[in-house]
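Novice: Kindly produce the complete structure, drawing on both the sequences and the hints.
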Amino acid sequence: MQGVDRRIRVLIAKPGLDGHDRGAKVVARALRDAGMEVIYTGLRQTPEMIVSAAIQEDVDAIGLSILSGAHMHYFREVKRLLDEQGASDILLFGGGIIPDEDVPKLKALGVAAVFGPGTSTQEIVDFLKRAVPERWKAQGLA
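Per the UniProt record's numbering, the sequence shown runs over residues 1 to 142.
Among these hints, one or two may not hold up.
Derived lysine-lysine pairs resembling DSS-like cross-links, with alpha carbons at most 30 Å apart [said to hold, decoys possible]:
#, residue 1, residue 2
1, K25, K79
2, K137, K107
3, K107, K129
4, K137, K105
5, K129, K25
6, K79, K107
7, K105, K129
8, K137, K79
9, K79, K105
Okay, the calculated beta carbon distance ranges per label pair [unchecked claim]:
#, residue 1, residue 2, range
10, D5, E57, 33 to 43 Å
11, E37, Q122, 10 to 20 Å
12, L141, A53, 15 to 25 Å
13, D100, D5, 30 to 40 Å
14, D100, R6, 32 to 42 Å
15, V26, E57, 14 to 24 Å
16, G140, I55, 14 to 24 Å
17, Q139, E37, 11 to 21 Å
Since the hints were made in silico from the structure, they are not lab data. In this text the structure is predicted, and so the values were computed from the model without any measurement. Virtual Cβ for every residue (Gly too), placed ideally from N, Cα, C.
Specialist: Here it is, written out as structure tokens:
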């Protein structure tokens with residue numbers, strides 16, 4: 001499906017040992033309520049599991065929810081694996097407890113957006129509704 005008929009497909013993942021998934025579930029529900037197809041991988045996912053699921057599900061974007069302080073490691077690994085698997089067209093974004101000083105570092109790695117505590121779900125929806133179709137257009141899919 002192309003153009004405006006195509007639904008945005010998003011994978012929401014909780015990497016690592018962090019067992020708190022309320023925020024990820026709230027975001028997943030908001031994206032679903034906004035008309036997106038959402039795949040929630042559940043807790044304790046490895047970067048390999050996340051990228052494998054994203055490719056198998058043919059998603060447009062991956063959202064990582066990280067509260068453990070290991071955000072640099074997990075974003076770096078997911079991005080590296082996406083690149084290695086020829087899936088660098090998948091938009092990578094995330095949120096959680098991420099210090100402001102790390103946001104520019106994450107963006108330099110290729111993370112498209114970082115959402116901190118208190119971000120409205122509408123802001124995340126709006127970002128994806130803007131950013132994903134821009135990628136489709138750049139890839140000649142829209």
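Novice: Each of the hints needs a verdict: does it hold here or not?
Specialist: Outcome of the hint check:
Straight-line distance between C-alpha atoms of K25 and K79 comes to about 22 Å, which keeps the hinted pair within the 30 Å bound. Only pairs whose Cα atoms come within 30 Å are accepted, and K137 paired with K107 is accepted, the gap being roughly 21 Å. Only pairs whose Cα atoms come within 30 Å are accepted, and K107 paired with K129 is accepted, the gap being roughly 19 Å. The hinted pair formed by K137 and K105 meets the criterion: a straight-line CA distance of about 27 Å does not exceed 30 Å.
Between the alpha carbons of K129 and K25 the distance comes to roughly 19 Å, so the proposed pair stays at or under 30 Å and holds. Between K79 and K107 the CA atoms are separated by roughly 11 Å; this keeps the pair inside 30 Å, and the hint holds. With a C-alpha separation of about 24 Å, the suggested pair K105 and K129 falls inside the 30 Å cut-off, and the hint holds. Between K137 and K79 the CA atoms are separated by roughly 21 Å; this keeps the pair inside 30 Å, and the hint holds.
Straight-line distance between C-alpha atoms of K79 and K105 comes to about 13 Å, which keeps the hinted pair within the 30 Å bound. Under the hint 33 to 43 Å, the C-beta atoms of D5 and E57, about 19 Å apart, miss the expected range. Checking the proposed 10 to 20 Å range against E37 and Q122 shows it holds: the Cβ atoms sit about 18 Å from each other. Range check, L141 to A53: about 21 Å between beta-carbon atoms, so the 15 to 25 Å window is met.
For D100 and D5, the hinted distance range of 30 to 40 Å is satisfied, since their beta carbons lie about 39 Å from each other. Restraint check, D100 to R6: a C-beta distance of roughly 34 Å satisfies the suggested window 32 to 42 Å. As the Cβ distance of V26 to E57 is approximately 21 Å, the hint placing it in 14 to 24 Å holds. Hint check: G140 to I55, Cβ distance near 20 Å, so the stated range 14 to 24 Å holds.
The beta-carbon spacing between Q139 and E37, approximately 18 Å, falls within the hinted interval of 11 to 21 Å.
Hint compliance for this structure: hint 10 alone is broken.
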